[in-house]
Amino acid sequence: MTKTITEQKLRSLMDLLLKEGRRVVAPRQAGSIVLYEPIDSGEQLVLGIMPRRSAKETFFPLCETILTYGKDGNGVMVSDVDAGAFPETILVGAPPCDAAAPAVLDAVFSWDYNDEFFLERRKKTIIIGLACTAADDACFCTAVGLSPRDDKGSDLFLTPVAGGGYLCDAVTKKGKVFLDTYASFLAGGEAKPLPSAEPAATPLDLAGIKDWLESNFESPLWQEFADRCAGCGACAFLCPVCHCFDIVDEGTETKGARRKSWDACGFGKFTNHASGHNPRDIQNKRYRNRIMHKFKYYQDKFGQTLCTGCGRCVRSCPVGIDIRAVLEEIQAKP
Amino acid sequence: MQQNHTQLADDSYFAAVTNAIRTETTKLLSEGTVAAVIGYQAGTRAGTVIPTIITDAAKAGDLVFSPGCVNNLALYLTKAKKEVRPAGKVAIIAKGCDMRALAGLLGESQLKREELHIIGVACVGVKGAGAGSGEALTTGTIARKCRECTVRAPEGADVVVGAVPPLPEFSPVEAEELARLEAMTPAERWAFWKGHFSRCIRCMACRQVCPFCYCEQCLCDRNRPQALETTPRPAGNMAWHIVRAMHLAGRCAGCTECERACPMDIPLNLLNRKMARELKTLYDFEAGLVPVEKGPLTEYREEDDQSFIK
Ligand code: SF4
Ligand code: SF4
Ligand code: SF4
Ligand code: SF4
Chain S
1 MTKTITEQKL
11 RSLMDLLLKE
21 GRRVVAPRQA
31 GSIVLYEPID
41 SGEQLVLGIM
51 PRRSAKETFF
61 PLCETILTYG
71 KDGNGVMVSD
81 VDAGAFPETI
91 LVGAPPCDAA
101 APAVLDAVFS
111 WDYNDEFFLE
121 RRKKTIIIGL
131 ACTAADDACF
141 CTAVGLSPRD
151 DKGSDLFLTP
161 VAGGGYLCDA
171 VTKKGKVFLD
181 TYASFLAGGE
191 AKPLPSAEPA
201 ATPLDLAGIK
211 DWLESNFESP
221 LWQEFADRCA
231 GCGACAFLCP
241 VCHCFDIVDE
251 GTETKGARRK
261 SWDACGFGKF
271 TNHASGHNPR
281 DIQNKRYRNR
291 IMHKFKYYQD
301 KFGQTLCTGC
311 GRCVRSCPVG
321 IDIRAVLEEI
331 QAKP
Chain E
1 MQQNHTQLAD
11 DSYFAAVTNA
21 IRTETTKLLS
31 EGTVAAVIGY
41 QAGTRAGTVI
51 PTIITDAAKA
61 GDLVFSPGCV
71 NNLALYLTKA
81 KKEVRPAGKV
91 AIIAKGCDMR
101 ALAGLLGESQ
111 LKREELHIIG
121 VACVGVKGAG
131 AGSGEALTTG
141 TIARKCRECT
151 VRAPEGADVV
161 VGAVPPLPEF
171 SPVEAEELAR
181 LEAMTPAERW
191 AFWKGHFSRC
201 IRCMACRQVC
211 PFCYCEQCLC
221 DRNRPQALET
231 TPRPAGNMAW
241 HIVRAMHLAG
251 RCAGCTECER
261 ACPMDIPLNL
271 LNRKMARELK
281 TLYDFEAGLV
291 PVEKGPLTEY
301 REEDDQSFIK
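As given, the protein sequences belong to chains S and E, one line each in that order.
Each residue of the first sequence is one higher than the one before, counting from 1 in my numbering.
Each residue of the second sequence is one higher than the one before, counting from 1 in my numbering.
In silico lysine to any residue, SDA-like type, Cα no more than 25 Å apart, as pairs: (1) S/260 with E/238; (2) E/194 with S/34; (3) E/79 with S/268; (4) S/269 with E/227; (5) S/285 with E/215; (6) E/194 with S/57; (7) S/269 with E/83; (8) S/333 with E/59; (9) S/269 with E/79.
Since the hints were derived computationally from the structure, they do not count as laboratory data.
Take these sequences, add in the hints, and give me the full structure.
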């Protein structure tokens with residue numbers, strides 16, 4: 001039977017989870033914008049606004065220490081970070097384009113190497129997705145195989161209903177167990193879902209686009225698409241599925257840390273070799289990599305598209321590059 | 001609070017500017033005066049634009065001017081974009097604030113005046129942060145910088161297009177914010193910036209769109225050895241923003257591209273303005289008014305204030 005939960009009950013549930021010692025990550029006001037951040041009370045939960053950065057940082061933080069080192073008269077000591085000590089986490093309020101992303105990333109983070117930091121956080125997190133009732137002019141989830149009602153990647157899925165509150169559906173076993181545990185917060189009964197968001201997205205022929213990419217690595221179109229690209233990290237950093245990172249040692253001779261932090265293929269130094277040679281020496285080659293990785297390489301390797309249509313790159317690009325326009329132009333080519 | 005906002009300039013102003021730009025572009029390209037024109041073309045979302053470089057007179061009709069023309073196109077003339085800058089003389093669409101950047105770049109010997117054809121726009125203003133892509137230019141949506149603009153009528157351009165209609169008085173929102181900051185105690189100011197910089201993700205959009213961040217090796221990217229922490233943590237973020245402010249002091253043209261590009265809404269121009277104010281007080285210098293070969297921070301003069309050397 002369908003369950004419902006009122007907004008107030010949802011907030012009280014978050015309070016209880018916090019009291020039980022869980023980490024709760026949710027859209028929360030941060031200065032003038034909304035970001036996914038750990039909340040300290042259910043009151044802080046902001047529902048229905050897409051956070052500026054994606055939910056990927058719940059699993060793949062902007063920056064994390066992977067080991068620390070110290071050196072004294074007696075020698076060097078290195079200590080690893082214990083991923084096993086990561087806290088049980090509830091990620092709540094993620095729209096489908098964010099909720100679906102970690103599942104896409106599982107493939108790469110457990111491919112030739114098991115990234116324990118990512119995988120441990122995945123194991124310990126319950127994702128409570130939230131259906132979208134409003135899209136803006138950058139949203140295009142429907143063009144890449146998702147929808148504002150898609151529960152892909154969610155353990156539990158909330159759908160706003162008329163008059164306030166949410167339908168609450170268990171999607172996975174983990175979600176079902178969670179629902180059973182906290183059944184007292186839920187009510188039964190019928191409720192009418194609010195109309196779904198309707199992104200005005202042109203359908204994309206992802207297979208056709210991939211075909212074009214196969215044979216157009218050297219196309220002059222790349223210049224047309226991306227000569228204007230400024231080479232920043234805005235699109236990649238805000239993207240829920242971009243996952244490149246850099247590893248640096250920071251500190252002094254006697255004490256420091258090895259840190260992993262987000263990187264972006266748009267940066268000029270991204271492929272700079274120690275020899276000084278840079279195979280992606282100009283910006284449009286870097287942008288080409290962005291498109292190739294998302295719509296060809298990730299398909300080749302993992303059978304998935306590395307884009308959930310969240311539109312963040314469209315909204316944030318300082319020079320107005322719209323990935324949809326690029327893809328639409330590609331699919332219009334023979 | 002809901003306020004009544006008046007629309008600034010009707011569509012005929014933008015249509016006139018757009019037409020004048022197209023006419024000038026057609027002339028320049030068909031007569032071979034320039035090899036290319038750097039301008040704006042319509043973006044995919046209503047009211048947005050993308051920078052474009054046009055080399056064919058037949059494409060002049062693609063160019064537009066609208067309240068969404070936020071970019072400072074001077075970026076595309078810098079060393080940072082050397083791969084896209086066409087050889088030979090180039091025309092560029094420049095608003096008053098963009099022209100200040102051009103003046104700065106000329107002064108720094110990054111550009112040669114004779115290789116430039118500047119199409120200056122007599123400018124009403126552009127839209128600021130928070131304005132929806134489809135919204136009109138109003139007293140509510142106009143960018144903060146434009147509320148206090150002193151260069152609406154660009155000087156020193158090869159041709160000026162458009163005529164600025166009468167505009168209302170704008171309250172100086174940013175100057176007020178700066179005054180508020182200056183009135184704070186150092187501890188409060190530190191907390192203010194710490195809060196903002198805690199959101200910095202080091203995406204470098206602020207650097208990448210800045211016409212003056214053309215260094216081929218940015219100090220902040222150095223890793224052999226690292227000059228400052230590159231990871232987005234409090235120490236490195238603070239260091240990065242101090243480096244940025246210092247390297248742009250006396251150079252920043254006030255186009256506020258850094259602040260516009262910042263996806264984390266960090267009010268970077270407050271720092272730029274503060275530095276500009278210091279330069280004005282200490283050296284009676286204002287960047288970007290006329291090309292000067294050496295700014296105050298790269299030049300030594302006998303009469304410079306030395307009281308800080310103890
Ligand atoms: S590529 Fe753009 S639209 Fe697609 S998931 Fe990433 S940020 Fe969102
Ligand atoms: S596409 Fe836009 S956001 Fe992405 S690197 Fe280029 S300028 Fe930055
Ligand atoms: S600051 Fe002045 S010149 Fe620049 S866009 Fe605004 S009104 Fe136009
Ligand atoms: S654009 Fe904003 S978030 Fe990005 S590096 Fe600059 S200040 Fe930080």
